[in-house]
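Novice: Sequence order for the protein chains is G and Z.
Quick note: the first sequence uses my numbering, first residue 1, plus one each step.
Quick note: the second sequence uses my numbering, first residue 114, plus one each step.
Treat the hints with care, since some could be wrong.
[To be verified] Rough simulated footprint, nothing fancy, chain Z against chain G, three-plus residues with beta-carbon under 8 angstroms:
| no. | segment |
| --- | --- |
| 1 | 43-52 |
| 2 | 62-69 |
| 3 | 87-97 |
I should point out that these hints are in silico values taken from the structure, not numbers from a laboratory.
Quick reminder that beta carbons are idealized off the backbone N, C-alpha and C, glycines included.
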Amino acid sequence: DAGVTQSPTHLIKTRGQQVTLRCSPISGHKSVSWYQQVLGQGPQFIFQYYEKEERGRGNFPDRFSARQFPNYSSELNVNALLLGDSALYLCASSVTQPFGEAFFGQGTRLTVV
Amino acid sequence: GIQVEQSPPDLILQEGANSTLRCNFSDSVNNLQWFHQNPWGQLINLFYIPSGTKQNGRLSATTVATERYSLLYISSSQTTDSGVYFCAGARGSQGNLIFGKGTKLSVKP
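Extracted from the complex, chain G is given alone in its bound form:
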């Protein structure tokens, strides 16, 4: 079975641009969460979706938004990119919410120049 898949794997954007990151959960998993990991730190929670509804939001500005589709895949959008948005963006899926075991994708490495 395929694990959590994310696309693209790497991305370079210019300050002020917008970016969309994509995530496909493990088949049968209905919960998707997004995390941001900057160099030298642990991942930080951005959003959680379950059954297509937002179930949680971390301490990130409104420039960050997300959605979950009927097939449980998800997109993370970031508007008006700043240099500080450069990070590894990780997607995790789990069967249930809130406390199912989370499985992570390989991440999207975003560089803002």
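Please arrange chain Z on chain G, whose structure you already have, making use of the hints.
Specialist: Quick look at chain Z alone, frame taken from chain G:
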């Protein structure tokens, strides 16, 4: 929210040595996981262990929920064990994982 503290922050071992990594939580958690982050950034699941003890090959983990800590044991370490180990916990209605800062393990041949 909960605070997660991992120790030690850095650990250097000779191949074949054993090690213990610790994770302390400021409050009780309903979910606790250990991960190994590979050089390409992917988080590999090691253990889902809200309480009790589990073993998988050379790795084992113990969570003492009442004392709010968890331990990860690595025996007979290999160079491929190198990387960053994270613990993460969750509580409350959201269930989002709160990560520690990680333990960076380097195993020398």
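Novice: Hint by hint, note whether the structure agrees.
Specialist: Hints, verified against the model:
1. Restraint check on the segment 43-52 of chain G versus chain Z: 4 residues with Cβ-Cβ distances below 8 angstroms, three needed, restraint holds.
2. Coverage of the segment 62-69 of chain G by chain Z is violated. Counting CB-CB distances below 8 angstroms, 0 residues qualify, and the rule asks for three or more.
3. Counting residues of the segment 87-97 of chain G whose CB falls under 8 angstroms from any CB of chain Z gives 4; the rule of at least 3 is met.
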